[in-house]
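A.B. asks: Sequence:
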Amino acid sequence: MPPTPQQPPLDALMTFLAVARLGRYTAAAEVLGVNHSTVSRRIAALEEAMGGRVLVRSAGGWEVTMLGRRAVEVAERIEASMGELVAGDDGNLVRGVVRIAAPEAFTSVFLVPAMARLRERHPDLSIELLAATRRVRQNRSGVDLEIVVGRPQVLRAYATPVCTYELRLYATPQYLARTSTPTSLADLAAHPLVYYVEASLQVDELDRAVQSLPASPPSIRSTSVFAHVEATAAGAGIGVLPDFLGEHDPRLVQVLPGAYSHPLAYWAVARDEGARNVAIAETLAAIARHTRVAQADQRTGSALQMRSR
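Residue numbering for the sequence shown follows the UniProt record's numbering, starting at 1 and increasing by one per position.
Just so you know, these hints were derived from the structure itself, not from any lab. As the structure is a computational prediction, the values presented were derived from the model and not from experiment. Do not rely on the hints blindly, as some may be mistaken.
As the list claims (entries may be wrong) - Label pairs and their computed distance ranges (CB to CB): (1) A116 to T164: 16 to 26 angstroms; (2) Q202 to A259: 25 to 35 angstroms; (3) A294 to P257: 14 to 24 angstroms; (4) V97 to N35: 21 to 31 angstroms; (5) R53 to R121: 35 to 45 angstroms.
We treat Cβ as the ideally placed atom computed from N, Cα and C, and that holds for glycine.
Based on the provided sequences and hints, a complete structural model is requested.
C.D. replies: Right under this line is the structure:
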């Protein structure tokens, strides 16, 4: 006979929530102020009480099982109730913690300023940002929102477009003077391309972005888009960069305008119930509002730059 589920200990449930969010026992232990053995013991107690596995190991850390998702939902409701217990009656209804995973360029350029403005209106709201360029996770228990590149294929989730952008080619004038300015895509075969490490690239849309380009000679590759910018600015080659970074870097000029651009879009993904959560809904609205204004300002700035040349 299968084991009969028992009442799970509260400390085990909240410890599990920390592991589900952070993905590692050691990280959860540090946040909770306990040791690794205590975390492991509490997770074992929760699994015994629930009669099954709540976590499974993966390459990126611990992932939540189907049974674990039920535990996450209960633990989050308990956490929210405890927050209401200690919160003052100040009329500020948006409070709690919103955890967002997003690519680092989007995080720095759009997300950080948007969240700073949001917290000016709602100082009881805590925002945790995890920089990650990866495909959307089918299990989103560790975060409330994910910003991903390309339209996601997800189940039991709410997805909405945030903004569009383009990958373009950039280099420094000094690099182009030292080598030669390409006049066609075929000419790129003679230039190192600065881009992502192919073996580490998890996003299909970013992989497809360079499939129309000729094979690159040996070059500098990185998992960091800001490393791409700095390597390009240092004259390491021609960088494949987001337009919202490349167009506004005074060290760079666009290469082969009109001959190459790869359109992309950022999407926001939340669990189905997430969009009905006041804090998450406000966060989504703040992101959409800020990116819309920021991109309008960038387009205006780009037009003024073109007229001044």
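A.B. asks: Now tell me, hint by hint, if it's right for this structure.
C.D. replies: Evaluated hints:
no.: 1; hint: A116 to T164: 16 to 26 angstroms; result: holds (23 angstroms)
no.: 2; hint: Q202 to A259: 25 to 35 angstroms; result: holds (28 angstroms)
no.: 3; hint: A294 to P257: 14 to 24 angstroms; result: holds (22 angstroms)
no.: 4; hint: V97 to N35: 21 to 31 angstroms; result: holds (24 angstroms)
no.: 5; hint: R53 to R121: 35 to 45 angstroms; result: holds (41 angstroms)
Every hint from the earlier list agrees with this structure, and none is contradicted.
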